[in-house]
Each structure stands twice: as structure tokens, then as C-alpha cells.
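Asks: Work out the full structure: start from the sequences and follow the hints.
Sequences listed follow chains A and B, in order. No gaps in the numbering here: position 160 of the first sequence is 160 in this note's numbering, and each next residue is one more. No gaps in the numbering here: position 126 of the second sequence is 126 in this note's numbering, and each next residue is one more.
Calculated directly from the structure, the hints in this document are not laboratory data. Positions of the beta carbon are idealized from the N, C-alpha and C atoms, including for glycine. Any given hint could be a false lead.
[Claimed, not checked] Label pairs and their calculated CB-CB ranges:
| # | chain 1 | residue 1 | chain 2 | residue 2 | range |
| --- | --- | --- | --- | --- | --- |
| 1 | A | P9 | B | V219 | 32 to 40 Å |
| 2 | A | P73 | B | V36 | 56 to 64 Å |
| 3 | A | R126 | B | S327 | 33 to 41 Å |
| 4 | B | V219 | A | Q202 | 54 to 62 Å |
| 5 | A | R97 | B | L281 | 39 to 47 Å |
| 6 | A | P9 | B | R202 | 25 to 33 Å |
| 7 | B | R241 | A | R66 | 52 to 60 Å |
| 8 | A | R116 | B | E14 | 42 to 50 Å |
| 9 | A | T158 | B | L18 | 28 to 36 Å |
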Amino acid sequence: MSTEALEGPSLVLTNIGKRIGTRVVLSNISMSIQRGRIHGLMGPNGSGKTTLLRILASILGSDTGRIERHHGPQERIGYVPQRFCLYDELTVRENLRFQASMRGVGAAAVAEAERRFELGVLSMRRAATLSGGQRQRLLIAAAFMHRPTLILCDEPTTALDPAARGGLWALLRRESRTGTTVVLTTHEEADARECDDITRLQDGRIAASQAAAAAPARFTS
Amino acid sequence: MRRWARVRALCVKEMIQLVRDRATLGMMLGVPVLQVLLFGFAIQLTPRTLPVTIVANSPDTAARVARWLKNDVTGAVVQQARSTHDAQTLLTRGETLITIEMDSNPPRVTVDGSDPVLASHALAAIDRFTHGLANPYDGSDDFKPTVEVNTLFNPELRTQPYLVSGLLGVILTMTMVMMSALSFARERERGTLEGLMALRVRPFELIVGKLAPYFLLGVAQGTALLTAAHLAFDVSIPHSRLLLATACSLFAITNLVLGFLFSTLARSQMPAMQMTFFFFLPSSLLSGFMFPFIAMPAWARTVGELLPLTHFLRIIRGIVLRGAEASDVAGELRPMLAFCVVVTIAAALSCRLTLRRYPV
Numbered sequence: 001m002s003t004e005a006l007e008g009p010s011l012v013l014t015n016i017g018k019r020i021g022t023r024v025v026l027s028n029i030s031m032s033i034q035r036g037r038i039h040g041l042m043g044p045n046g047s048g049k050t051t052l053l054r055i056l057a058s059i060l061g062s063d064t065g066r067i068e069r070h071h072g073p074q075e076r077i078g079y080v081p082q083r084f085c086l087y088d089e090l091t092v093r094e095n096l097r098f099q100a101s102m103r104g105v106g107a108a109a110v111a112e113a114e115r116r117f118e119l120g121v122l123s124m125r126r127a128a129t130l131s132g133g134q135r136q137r138l139l140i141a142a143a144f145m146h147r148p149t150l151i152l153c154d155e156p157t158t159a160l161d162p163a164a165r166g167g168l169w170a171l172l173r174r175e176s177r178t179g180t181t182v183v184l185t186t187h188e189e190a191d192a193r194e195c196d197d198i199t200r201l202q203d204g205r206i207a208a209s210q211a212a213a214a215a216p217a218r219f220t221s
Numbered sequence: 001m002r003r004w005a006r007v008r009a010l011c012v013k014e015m016i017q018l019v020r021d022r023a024t025l026g027m028m029l030g031v032p033v034l035q036v037l038l039f040g041f042a043i044q045l046t047p048r049t050l051p052v053t054i055v056a057n058s059p060d061t062a063a064r065v066a067r068w069l070k071n072d073v074t075g076a077v078v079q080q081a082r083s084t085h086d087a088q089t090l091l092t093r094g095e096t097l098i099t100i101e102m103d104s105n106p107p108r109v110t111v112d113g114s115d116p117v118l119a120s121h122a123l124a125a126i127d128r129f130t131h132g133l134a135n136p137y138d139g140s141d142d143f144k145p146t147v148e149v150n151t152l153f154n155p156e157l158r159t160q161p162y163l164v165s166g167l168l169g170v171i172l173t174m175t176m177v178m179m180s181a182l183s184f185a186r187e188r189e190r191g192t193l194e195g196l197m198a199l200r201v202r203p204f205e206l207i208v209g210k211l212a213p214y215f216l217l218g219v220a221q222g223t224a225l226l227t228a229a230h231l232a233f234d235v236s237i238p239h240s241r242l243l244l245a246t247a248c249s250l251f252a253i254t255n256l257v258l259g260f261l262f263s264t265l266a267r268s269q270m271p272a273m274q275m276t277f278f279f280f281l282p283s284s285l286l287s288g289f290m291f292p293f294i295a296m297p298a299w300a301r302t303v304g305e306l307l308p309l310t311h312f313l314r315i316i317r318g319i320v321l322r323g324a325e326a327s328d329v330a331g332e333l334r335p336m337l338a339f340c341v342v343v344t345i346a347a348a349l350s351c352r353l354t355l356r357r358y359p360v
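Replies: Below you can see the structure in the form of C-alpha cells.
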């Protein structure tokens, strides 16, 4: 990929607002997310991070505002939710096959995902029998198997031990270097330091937005 | 003492949960009331009406017999057929219970024996009627007191063929509605719906993809039940198997889609189960499965006509017990098809709305 292709906005959000029931969850969210960068959404519980991520994933629609998408087709979004959203009764391989079929990628993608995320030895095990970290790895493998151009992760490091966390960050770095945009939510200061850009949300509004390098040491406090 | 304090805390917690779980509370209070109302007002064992068809060339003879019937047989609803063949068709369709052919010698009375309870009532009524004929109202009639009485379709008045064929409808209703009601609610409860939404799943894909396996299960269930009924109770396997398969398929699909509609309305599996139960109760009581349909009051029959099981029971009993053909059951297939179409549209709209309003 050329340098030019890696530059420019991947997502431009203008005045995004969302109400769930009677509660205003997001209000006047305007921001630009650059292509090939890791963008962290930070904020306390209930600040609207997950809702915003779901809107970016097109799982939810916004009530107001608009999103300009420059990351490619909608099908090329990889989404890692906070909660395990694969099937406990299916084996690792069956879950990956299901994802591959739904995304229209072939069996080779399943084998590639097993190899890339070291799931080969677990492939015949049912998802219900996996540890928290292994389940998270399976979720990430499912989200990455179709080579997404936009990756959305909702607190992806929560269930991971330090080694797995390091592995995930290495993966996200590698993906972003190829031009893939990564947006993730996190509470962790350590995660924030790994991001290229950070947007802090408070009560559904943007409280601060800046490059991570310029962020104060205790950005999340 | 501390143990009792803990027990009390658990009781209070449970009570708060129960009171706040409106669906469970509604079911626990509503179902007994519904049962009392249904059993008290709707369920009767003695038929209110006995549909009788008279075949007579002479209009005078037909009118005279109709008059006698109305005087001697309580609840007789008399209609006239032009020929024996027409009368036979009405019997096969289940539209009449008794036919009286005045032009044969001696007059021939045929009773539909497929429902042993109704047939017993009909035979008793015919017995009273023919006894009455021994003392005719006027001495000039040509109707001889001797009549030939036949019981058609189930001459031995066996209960098993009637109940077992009906059981197919009840089992399909219970399993198909319940399984599909749980399917979508389970996705929602476990959080896997979010994964499906991230895969940009469409309502059509969800409905067809989720219900097709249960449909195959329903086919297997129906085949197993009919085979067992044939082997254990000598219930005949009808010639019109394609018609049987079509009716069973339409009925299974109708129930599956209805269950899916419940599933989209419920936030978790428990309310979905409760909705299934609320539907199943009137279905089993007002469809004519256990109690004669014509014994119910008009309002209960109106409710019964809205239930797909009512029409399916008429179809399946028509096919299995009376050898009905497609033309005989078309009148029952149509309302079932209409119900299926309406419920499918409602399920698709509800699914679309649920996906749009997620996570509420």
C-alpha cells in the first residue's frame, strides 16, 4: 500500500447523537478518525463508548448526525464486542467456519485464522470449554479473518493476561501499519499509551481529543 | 437466629424479583383464571348441534323429515343434499355428522364415526328419532319406521385413531412454537445477537436460517408419530400422502413463524416460553382436540376458528380418518395459509424493529 493510501480520514463523524429509551447516550459527537491509526475511546462507565462503537459498526443507527466512511465496504469491518458473542455449543473451528460463511470468505481463511491466532490446538474444543483469554482470542480471530479495513474493539484487553495483551497490541500495530484503522474502547491507562489518538468521552459528550503522545500522564483519571 | 435472618433475606429478595417479573406474575395469576373461564364457559361434552343432511327427491318428504328431526332430535341442524354423492362429500369434509337417504329402501342413515364421542351422540339421537317414527305424527307419510343405520370411517368407534391423529397437531404446535420462540430470544439473552448484527444479518436470513432446522425436526417428529400410530394403534396411513405432507408442512411453518414472532417480542427465553404457554392453552382446549368443537358456545367457536390447530385437526382427521382429498380440505387450508401469511409479515416487521431498536 502506498503512503498516500495510508493517509486521510477513515471515518468522519458529524454531530452524532443517540438516545436509548429516554436517556441521551451520545450528544454532538464530531470527530475524525485517521486511516492506519489506532484510536482509543476512553471514559468512565456509561460515558457512551460502547454505543459509539456500535454505531461505527452499524449495529446501531444514530438518531442525529452523519458518518462519512472512507474505510472501504461495510463488509470489511471487524468487530470485537465486549461480551463473548460466538456460540458455546460450537467448536472453535465450527465458530470460525460460521463466521467465514457469513462473511463470504473461504475455508482457507479458517485455516489461516487458526494458524495466525494459534487456535489450531483448540480447534476441536467447544467454545464453552475455553478460558477467558482463549475465548477472547477466538473473538479476535473471528473479527480479523476477512482482512478488515476497519477494526472496532470494545475493551479487547479485559480478559487477557499481560502476555496475551502484548500479543494483541503487536497484532493491532501490525494491522494499522498496513492501513487498517483500529478503534477501541478501554479503561486502562496502559492501553491508552499504546493508542495513536485518544478521544475521551464524558456523559455522552467529547471531553477531550488529542494524540496520545500529547495526553497527560493520567489521561483517564 | 442468623440462619433465619438469611432465609428471610432470601425470601424478601425472591419476592421482589417475583413482583418485578410481570410476565411470570401474569402467568401465575392469569393462567388459572383463563383455565377456569375456558373450562367453565367454553368446554362442553354434549354437542349443542347435530348437523344432519337429508337426501330426498321429493321436497315434501325432505321437509317432513326435517320437521320430525327438529322435533325429536335436540340441536338438529338440517340441510339438504341433492344426491348421495353430495351427502357423502359433506361427510368426508366433516361438514355433516349424519346423512339420511330417504330414497333408498329402507331409508339409510349414515353416521360419521371418526369422532367416537360425537358418533355416540348421533347414534343415540338417531335411535330416538327412529323410535319416534314408530308413532308417526300423521298417518300418511311414506317413511317406514325401519331404517338401516351405518357408521362410516370408524365403525368400531375406536378412540385411538381420533386422538392419535389429533395428537400430531398438538405436538407440532407445542414443539414448533416453543423451539422457535426460544431460538431468537436465546441469541438476545446470550449476547450472540450482537455478533449476528455485526455480520449485518437480515430479517429474512434470520427467519429462514433459524427456522429451517426446526422444520426438519418437525418433519421427523410427524413421520415418527404417524409411524408409531400405524404400528401401535393400526391408524391407517392415507393414500394422499402428498396432501398430508403439504398440510403438515404448512402447519409446522405457521407454528414456527408464530414462535419466532413471540421470540422477537420477548427479551429473554422465559417470557418467550410464557407466551408459548398462553398460546398453547387455548389452542389445545378450543381447537376440538379434546372436546367436541360443535359442543362449544358461539364465542368459543369464533376464537377456535382463529387458531391454526383447529383447521389442522380438521384437515388431518379428514385425511387420516375419512380419506379426504385436496378438494375436501381446501376450505381448511385457506384460513391456515392466511394465518401463516399474516404471522410471517408480523414476524418480519417485528424482527426488523427489534434489530433496529437493539439493545432496548
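Asks: Work down the list of hints and note, for each, if the structure agrees.
Replies: Results for each hint:
1. A:P9 <-> B:V219: 32 to 40 Å: For V219 (chain B) against P9 (chain A), whose Cβ atoms are near 53 Å apart, the range 32 to 40 Å is violated.
2. A:P73 <-> B:V36: 56 to 64 Å: At 59 Å between Cβs, range holds.
3. A:R126 <-> B:S327: 33 to 41 Å: 52 Å, violated
4. B:V219 <-> A:Q202: 54 to 62 Å: 56 Å, holds
5. A:R97 <-> B:L281: 39 to 47 Å: 41 Å, holds
6. A:P9 <-> B:R202: 25 to 33 Å: Holds, at about 29 Å.
7. B:R241 <-> A:R66: 52 to 60 Å: 58 Å, holds
8. A:R116 <-> B:E14: 42 to 50 Å: 49 Å, holds
9. A:T158 <-> B:L18: 28 to 36 Å: 34 Å, holds
The structure is inconsistent with the numbered hints 1 and 3, although it conforms to all the rest.
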